[in-house]
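Those protein sequences? They're chains A and B, same order as listed. Here the first sequence is numbered in full-length UniProt numbering, starting from 1 and rising by one per residue. Here the second sequence is numbered in full-length UniProt numbering, starting from 1 and rising by one per residue.
These are calculated hints, taken from the structure and not from any lab test. Accuracy of the hints is not assured; some may be wrong.
Stated by the list, open to error - So, partial list: chain B residues that the calculated Cβ filter (under 10 angstroms) puts toward chain A: (1) 122; (2) 125; (3) 268; (4) 269; (5) 346; (6) 350; (7) 454.
We put the CB at the ideal spot given by N, CA and C, even for glycine.
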Amino acid sequence: MSVVTVQLGQCGNQVGLELFDVISNDAREAQRRTYGSACYDRFFHQTTNGELEARAVLIDMEPKVINHSMTKAAKSGKWRYGEKSHFSQKQGSGNNWANGFCVHGPRNKEVVEELVRREVERCERLAGLMPIMSVAGGTGSGVGTYVTQCLRDTFPKSFILNHLMWPYSTGEVIVQNYNSVLTLAKLYRLSDAILVHENNTIHRICSQLLNIKHITFSDVNRVIAHQLGSVLQPALTQDSYGTYSRNPLGIDWQVRPPSNFERTRGLPTHNFNRSLANLLILRGKDVYSAETGNFEEPALYTSWLPSNEAFNAWKSTVPFDKYEKSATLVNNSQSLLLPLDNIVEKAWNMFASRAYVHQYTKYGITEEDFLESFTSLEQVISSYRHLC
Amino acid sequence: MTQSVVVQVGQCGNQVGYRFWDLALREHAYVNKKGLYDEAISMNETHTNLAGGSVQAVLVDMEEGVVNQIRQGPLKDVFDSTQLLTDVSGSGNNWAMGYMTYGSAYREQIIEKLRKMAEHCDCLQCFFLIHSMGGGTGSGLGTRVLRLLEDEFPEVCRIVTSVYPSEEDDVVTSPYNSVLAMRELSEYADCVLPVENQSLMNIVNRIRRYSGKTGSAVRMDSTVISGHGGLSTGEKPFDAMNNIVANLLLHVTSSARFQGSLNMDLNEIPMNLVPFPRLHYLVPSLTPLYSLADVSMPPRRVDQMFSDAFSKEQQLIGAEPRHSLYLACALLLRGDVGVSDLQRNIQRLRPTLPFVWWNQEGWKAGLCSVPPFGHTHSLLALANNTCLKATFSRLKERFMKLYRKKAHLHHYLHVEGLEQSTFSEAVSSLSSLIAEYQQLDNTKDRVIPNAPRLSIAT
Ligand SMILES: Nc1nc2c(ncn2[C@@H]2O[C@H](COP(=O)(O)OP(=O)(O)OP(=O)(O)O)[C@@H](O)[C@H]2O)c(=O)[nH]1
Ligand SMILES: Nc1nc2c(ncn2[C@@H]2O[C@H](COP(=O)(O)OP(=O)(O)OP(=O)(O)O)[C@@H](O)[C@H]2O)c(=O)[nH]1
Ligand SMILES: [Mg+2]
Ligand SMILES: [Mg+2]
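My request is simple: use the sequences and hints to build the entire structure.
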């Protein structure tokens, strides 16, 4: 089962690079051959002269970052990107989602689709597609959304997981909340699962847990790659009978409440984080004796999904990324409510004054498009807020 | 790689442009010598062009003097004759002459030259127009060129550096010319970086006073003030002032010319700093200017640089943004300044600066690793700020003083193609610009609640 990664924009191409680096190192040092080869099969294919080539397509509207990532991968001596698996133009999308979505995306549709198709055809079995991008800039967010839409059309049955980087709350892109709102509203409908990392949170991990003094994007990206890797690397589920056969992306993350469900209970208290579903991944020593009962507590979950369905555990006795033991939690819960609400609130305040809107309408999206995006995110917020 | 074309119009435009190219060439020569380039950058076409002799510029003046000097001076090999356009008699400090008479006469030739330059570019990203507001050619023909750019290259970003006249300018008609030009700037520029001669003069005088003192830290060979050591020799009256403007442009273009950890594309400037189409005037401030660095710079000095950027003395126009309302603010850093310096200083300064309620986090930053020659680091702040209301109101008053008496009006009305309505339209364009700033400024000390959110049927 293989995953085709699509790296978009500066962030996508920088995070993707670190991810493949972590994965290839982990696979090489794995004590079990089955683990190593399952992992290689997932993320790399071998060229005729035995080199490892990432199952990835690199896309940006400017050349610098892609050149850098390609060179750096080649210099590692361990793996590289496909010679022809990248596409760039001369000039970025200038932090403008509309420029990415309405101009650069459609203009380069054929080339990008062809690159992805080629990569998909190299897979014996396709587990899914994974676009990686930030939501704040112009290319990752705008072109990324457009490309996801094309992938949805071309591969209607394939699993699509979007990995999204949420922006720092201040200091980089002033229109980041608009770009985020436009991206999230569209992806919510297109994608099977959206995996989110927040730059602020990862930055805090770097400063407070890792004690890094002068934090760079490279530090931040290593943490992200480590977390992502531990989710995506081979692991065993209860029904996988000792072989790494499970689809690494293929859990049903889009849990939806039954349509006729009555909202009878009151609003949840603020400090309680109700989950729709949790996935716990344990790796390394003692994974089979680890006590996970607390995660199965029914009170954590909604009343309409029993905890044995809402909770999943994947395990692997192979230590990950040199850690003797590790645990990773992927959490579909109300914890994203606050950051999402924040983004929508800031963007909405800006929109109330129609500030910056002309920069977007210039490229062909309308005020109604904005309103539609706001409406659908308000709906998402409301559903999460009223989970019970 | 993307390229930009500099279009310098009129005496002031060409003199400032000259300082820009002189310093830019010097900066690149220095950087090459030190081997500061990484591989990616040595491929950079802007750089090869700079060093290889052909520079992306179009020089326009309706007199010959300044352009001839450039042609005979040390940079003579840098420009070739296809890039130059001159006439002999000038526009006589008359906007209408520049805009109408010369604008119509030279329209085709100018377009031709611009197209030629554009063809040299692999990916043309931006036009930089440099001109003064007070005379006839820069102001009139300059803004006509701006309009041609909009017609011919609608997708290419237009950033204008406009030198505004001092209150006691030699040119009597400068308020007319400035207000007539402003209407064009408001309509056709993506961004305007206004600079006032009075402010430049004040800064230069302060630097001279400092450097007069013995043991002062000011290095006179620094590019900020002196052209000395550059390719040209001998200083002309405006040189020191023009160097400041040239440095402003060096900063704005640094991300396109050199490597950096946080690149800021030129088209990201209007995207992030211009919330409403006409409010695209960005107040520049440049630091350090006179409190120059010694070479080993403790972090305290970096923080000082950030603070200075928001003080009145460092603004390149006579205004005080700190006491008005910020709509957005960009920090363009050069040299050994890191992301953590940036974050720390934004957090430190943020509480002291009023930002409009819907853009409380309205900061944009760029980091370019190569500092200006003679510095370890420097900062250009570009503020979209309502303080411009006062600047523009003063200009309007000066205009009205003449206009009420119809003083000198006949010089303009004689010019073919100019109607009296041009004047009234220009004033009302300026008035409505002032009103837009005023309206936003009115929200400054008010506590404005969040906009009521969309309610969703659940
Ligand atoms: N974690 C992480 N975030 C990044 C990185 N690079 C950029 N970002 C974040 O991404 C956002 C900016 O988007 P970019 O990815 O740089 O933009 P882009 O997709 O290239 O789009 P344009 O440059 O506007 O065409 C900001 O929120 C940054 O914090 C990175 O390497 N790691
Ligand atoms: N900062 C600066 N200001 C200048 C310079 N040259 C002229 N000025 C100012 O520009 C205004 C006059 O405009 P000029 O640029 O001389 O005029 P022009 O564009 O050549 O137009 P005409 O001479 O009327 O054809 C006045 O406000 C001068 O103070 C210069 O080199 N630097
Ligand atoms: Mg980019
Ligand atoms: Mg002149």
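Here's how the hints hold up against the structure:
no.	hint	verdict
1	122	holds, 7 angstroms
2	125	holds, 6 angstroms
3	268	holds, 5 angstroms
4	269	holds, 9 angstroms
5	346	holds, 6 angstroms
6	350	holds, 8 angstroms
7	454	holds, 5 angstroms
Hint compliance for this structure: no hint is broken.
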